[in-house]
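Chemist: Now for the letters of each chain:
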Amino acid sequence: DSGVTQTPKHLITATGQRVTLRCSPRSGDLSVYWYQQSLDQGLQFLIQYYNGEERAKGNILERFSAQQFPDLHSELNLSSLELGDSALYFCASSGGYEQYFGPGTRLTVT
Amino acid sequence: GEDVEQSLFLSVREGDSSVINCTYTDSSSTYLYWYKQEPGAGLQLLTYIFSNMDMKQDQRLTVLLNKKDKHLSLRIADTQTGDSAIYFCAEAPPGAGSYQLTFGKGTKLSVIP
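Residue numbers (my numbering), protein chains in the order written: chain H, 1 to 110; chain R, 1001 to 1113.
Don't read these hints as lab results, they were simulated from the structure. Glycine included, each C-beta is placed from N, C-alpha and C at the ideal position. Hints should not be assumed to be uniformly reliable.
[To be verified] Beta-carbon label-pair distances, calculated as ranges:
| id | chain 1 | residue 1 | chain 2 | residue 2 | range |
| --- | --- | --- | --- | --- | --- |
| 1 | H | 57 | R | 1030 | 17 to 25 Å |
| 2 | H | 9 | R | 1082 | 40 to 48 Å |
| 3 | R | 1053 | H | 59 | 24 to 32 Å |
If we strip away everything but chain R, and leave its shape as in the complex, we get (with noise of 0.2 Å):
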């Protein structure tokens, strides 16, 4: 496909993991990211991952890459309400100098207590 494809909704329950999946149109892209954008503010980058690992752990966060298939994943563990939030993944195609992001629709993210 052409696009960037995630999932629109995701609901967990406080304190389970929440699974954020998306599946990226370019395989011959570098860098694959996960950005979070909470209601009125601008993006925040989470994490991400080169194209050249598998996957990538910070704190909480789990990035898994299936280059293979271009599936990226998050995972959120211990999941808390401020968390809640819109969950973008990125794609940075390879250009000469310029690493201009493609984008997928958001996931929402709603945590229940």
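Bound-form chain H, shown alone (with noise of 0.2 Å):
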């Protein structure tokens, strides 16, 4: 257990719609980042958030939105879903160069 939580675990919706995912750091990390994994692109790194501000951006569509806040969670907000965002997204929490990775959470868009 790595002490990451996520919720939900899994998500069924339908295109066009909205979706928010939940991630709550280790006790005491500072830093989240979110992660997609899908068959075609594999691990890919979306956003980071440390102590409530964006840090880092990566492959983040514009349709993708996150935020952390002062009790340090994170949300991840998917918007105007497509079938290709079907993926698992995760979450990673950390205090420095070690990042820890909650369960994730499954999103199937039919």
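Got two chains here, separate frames each, mind docking them using the hints?
Modeler: Below you can see the structure in the form of structure tokens.
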């Protein structure tokens, strides 16, 4: 158990909809990273927050956004969903250079 | 190349050593990592190596780093059936306060009893 929690575990929704994925980091970690894992693209970095502020941005679509709250939990918002957004979404928590991953949220867009 | 490269499959017999290889992209990457992913699970950090090291040993795991060739390897001694999983190599290119990871596609290790 990495100490990182993600909810929900599974999410099934229709094209065009909007969903919110939630991540709670390990106690004391200030950084949250979001990654997408899909069969065709592999594991890709989306975005990082550090103590409430955006720190780095990767291949994140404009339809996706994230935020980190004062209690350090983070949410990833995915809107106008397309079939190709179906993937596993991981968050990782970090206090430095080591990242500990949550169990992931499996998103299926139908 | 632009991608972190790993071979896709490796099959070994139980009790043998496994060696998983990786070629990374950025010679200035500060940290290099190995993660393990079992079916239906998240990624487990196995080990990492700092770029000024050549080797790191941690119980059954040995990581070798060749910076000149940008080559990283993970050796698992006395491989067990519980080691069957996908192993990902990842690099953290330097960035202001960020260790965002660039992953390879993963090597699926199958251990034959």
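Chemist: Hint by hint, note whether the structure agrees.
Modeler: How the hints compare with the structure:
At about 19 Å, the CB distance of residue 57 of chain H to residue 1030 of chain R agrees with the hint of 17 to 25 Å. Judged by the Cβ atoms, the range 40 to 48 Å given for residue 9 of chain H and residue 1082 of chain R is violated: they are separated by roughly 23 Å. The hint said 24 to 32 Å for the Cβ distance between residue 1053 of chain R and residue 59 of chain H, and at roughly 30 Å that hint holds.
The earlier numbered hint that this structure contradicts is number 2, and it is the only one.
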